[in-house]
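Residue numbers (my numbering), protein chains in the order written: chain A, 1 to 238; chain B, 239 to 550; chain C, 551 to 655.
Hints listed in this document are in silico derivations from the structure and should not be mistaken for laboratory results. Some clues are possibly wrong.
[What the hints assert, rightly or not] Cross-link-like lysine-lysine pairs, in silico, PhoX-like; alpha carbons within 20 Å at most:
#1 A:LYS151 with B:LYS311
#2 B:LYS541 with A:LYS154
#3 C:LYS569 with C:LYS592
#4 C:LYS569 with C:LYS652
[Stated by the list, open to error] Partial list, derived from the structure: chain B residues whose beta carbon lies under 10 Å from chain A:
#5 SER344
#6 LEU481
#7 THR484
Ideal Cβ positions, reconstructed from N, Cα and C, are used throughout, including at glycine.
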Amino acid sequence: MQLADILASLFPDGHSIKADHGLLYGFAPLASGQQALVVGVSDRTAVGIDQASTLSRHILDDHSGTGPILVIVDSDSQKMSKRDELLGLNEFLAHLAKCLIFADLHGRPTIGILYGHSAAGAFLATALATRVLVALPGAEPAVMDLASMSKVTKLSIEVLQEKAKTTAIFAPGLDNLAKTGAVHFIWNEQESLASQLAALLADLPGSDDKRDLLGVERHGRTKAAEIAERVYAIARES
Amino acid sequence: MSVSTNTAPQATGARQVSWYEASARTRVSQLLDESSFKEFLGPQEREMSPNLKSFDLPEQFDDGMIVGRGLIKRMPVFVAAQEGRFMGGAFGEVHGAKLTGLLRASRDIGSIPVLILFDTGGVRLQEANAGELAIAEIMRAVIEARIAGVSVIGLIGGRAGCYGGGGLIAGCCSALAVSEQGRISVSGPEVIETNRGVEEFDSKDRALVWRTMGGKHRRLIGGTDAFVDDTIEDFRETALSLLADTRPFTLQTLHEEQARLEWRIQQFGTSADAIDIWRSMGVDDAAAIPEMTYAQFTAAAQKIRRPNHAAR
Amino acid sequence: MQDLTFTHEVAERATGNTKLAITGVVASGNLEVLVERALPEKQCVVKIRTTVRGFDPVWKAVVDGFVERFPTGGLRFSINDGGARPDTVSLRLSQALRLMEKTEQ
Chain A
1 MQLADILASL FPDGHSIKAD HGLLYGFAPL ASGQQALVVG VSDRTAVGID QASTLSRHIL
61 DDHSGTGPIL VIVDSDSQKM SKRDELLGLN EFLAHLAKCL IFADLHGRPT IGILYGHSAA
121 GAFLATALAT RVLVALPGAE PAVMDLASMS KVTKLSIEVL QEKAKTTAIF APGLDNLAKT
181 GAVHFIWNEQ ESLASQLAAL LADLPGSDDK RDLLGVERHG RTKAAEIAER VYAIARES
Chain B
239 MSVSTNTAPQ ATGARQVSWY EASARTRVSQ LLDESSFKEF LGPQEREMSP NLKSFDLPEQ
299 FDDGMIVGRG LIKRMPVFVA AQEGRFMGGA FGEVHGAKLT GLLRASRDIG SIPVLILFDT
359 GGVRLQEANA GELAIAEIMR AVIEARIAGV SVIGLIGGRA GCYGGGGLIA GCCSALAVSE
419 QGRISVSGPE VIETNRGVEE FDSKDRALVW RTMGGKHRRL IGGTDAFVDD TIEDFRETAL
479 SLLADTRPFT LQTLHEEQAR LEWRIQQFGT SADAIDIWRS MGVDDAAAIP EMTYAQFTAA
539 AQKIRRPNHA AR
Chain C
551 MQDLTFTHEV AERATGNTKL AITGVVASGN LEVLVERALP EKQCVVKIRT TVRGFDPVWK
611 AVVDGFVERF PTGGLRFSIN DGGARPDTVS LRLSQALRLM EKTEQ
């Protein structure tokens, strides 16, 4: 689905969202009467220090807003450059994630909508820093591409593809990310996105991070929840 | 449990050992008060990665992550330490989940701070999706703990540095202490070179790597609160002073951090190299920074004007 | 991966009363040794998981030499091996044993 179609289907009453150098920013009225802040990344843009600080600025500027924050994503990975690392890209990406998570825990639920690509540090700072991540069917998240993985693991791409048939744990792709619990819902693009968003907001999961339990339910990440829970229990009793 | 410290115990300060050279277990046992560390889900539980076998890779009994509780100058703390020599300290499913569980407990207890001893190349590729998601869960758990009033302090000075998602988690911490050896970066040198070419970043130019990502640069630019000497003793003393200096994590913190980061882009956004940045900061002999000893560097660093580094 | 287990009947109980110790790291050319005081006093077991197949006789010689030289009764050694040389294995085994010989209150 193209971005314009997605926005039109999400916000039938109109919106003020503009794309500027691959960054999305604007507001949109929701069926509930609330106004959503919309930020995001489009056109598979890499997220560097300039992009991250622009997005976090938008979120902080709207600190008096009350509606949900939607994070719409079709990004590259983090911007890989000397300049970005020299100036502390890790701080900029972490700051963006902090702004999103802080807002979510202070009454402004964050919803990620992944409609294209995302990877690595950019994925962590945007879509994965939201309370609920939904994806559209064409989304293609990839923590790491198989070519890079092949280089590191010294296994051929064919061998990796064969392995990927039996486990969701490493290979790119929406199904794999959904099975591990990263993606909560995959929306139906044949139906109104506005009504699917309204349904989600009307029955919004709590702010507790339950992605590890989703991974167990979907058999994609079976051990994380148990390990975290056991450490939690021992630490509480210690 | 007894832990090998790889060094003969000496009458005068076993803590003078190099943080960089030490194993994760040695760091933990000497960072904390003697014999105070109690490990959670230790190696005897054999909770190893379920995902390495299919790659015919060896497992480690603790999956490269040690978590537990101990005392530092009699103050209770939770501790998590990555072993950078096992799989490059990378985040896998079990490795990450141990830290997530520890942070969630600290959040709900509300009064016991957390020390994270980073030593990581980022996501473990053989379980990339689980590792990436573990990092996302850890970032959220760090922020939840901080909002609950818990300090989360990162200590960075290991062989693997603090790369990839590890750098993002570090950026979420209340405060960081970094030694010269402690590189912090999202993309590693080889990753930048592979993707953008050797003209963008020559990963074999070690001097370039250190001055772009190393502890001295992070200290000068404000990427860390404290610069420490490469000894377990100095990390211990610095952790204590960072624990004593806790600030609430509020909307104000985020506004101040936004201002601090925007200021950095304005000031140094067109600098081509770390040395140019140091020079424009007013460092007298910027080109000599990489060669300076710990004492020389801290003296030079104290002279320059610092923006509000504390907001993070 | 290859799994090997060596069980020895030994004359002497390992000294000290430490219950658990660990040393080493799983990396190329290195190994970790976990020791537990968990067996009858006249028994010693060494369990190995190694990345390098086909070195059974070398492992046997190293383990035989180790249990001959030191009192190891009651101890179970568990090894994750990343392809360490025999001298490194011997070194780690004796490091691990030394940690168990401590007396803890």
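Now the hints, each set against the structure:
1. A:LYS151 with B:LYS311: 46 Å, violated
2. B:LYS541 with A:LYS154: Roughly 48 Å between the alpha carbons, so the hint for LYS541 (chain B) and LYS154 (chain A) is violated.
3. C:LYS569 with C:LYS592: 16 Å, holds
4. C:LYS569 with C:LYS652: Holds. LYS569 (chain C) to LYS652 (chain C) sits at ~10 Å (cutoff 20 Å).
5. SER344: With Cβ-Cβ at 7 Å, under 10 Å, it holds.
6. LEU481: 18 Å, violated
7. THR484: 17 Å, violated
The structure is inconsistent with the numbered hints 1, 2, 6 and 7, although it conforms to all the rest.
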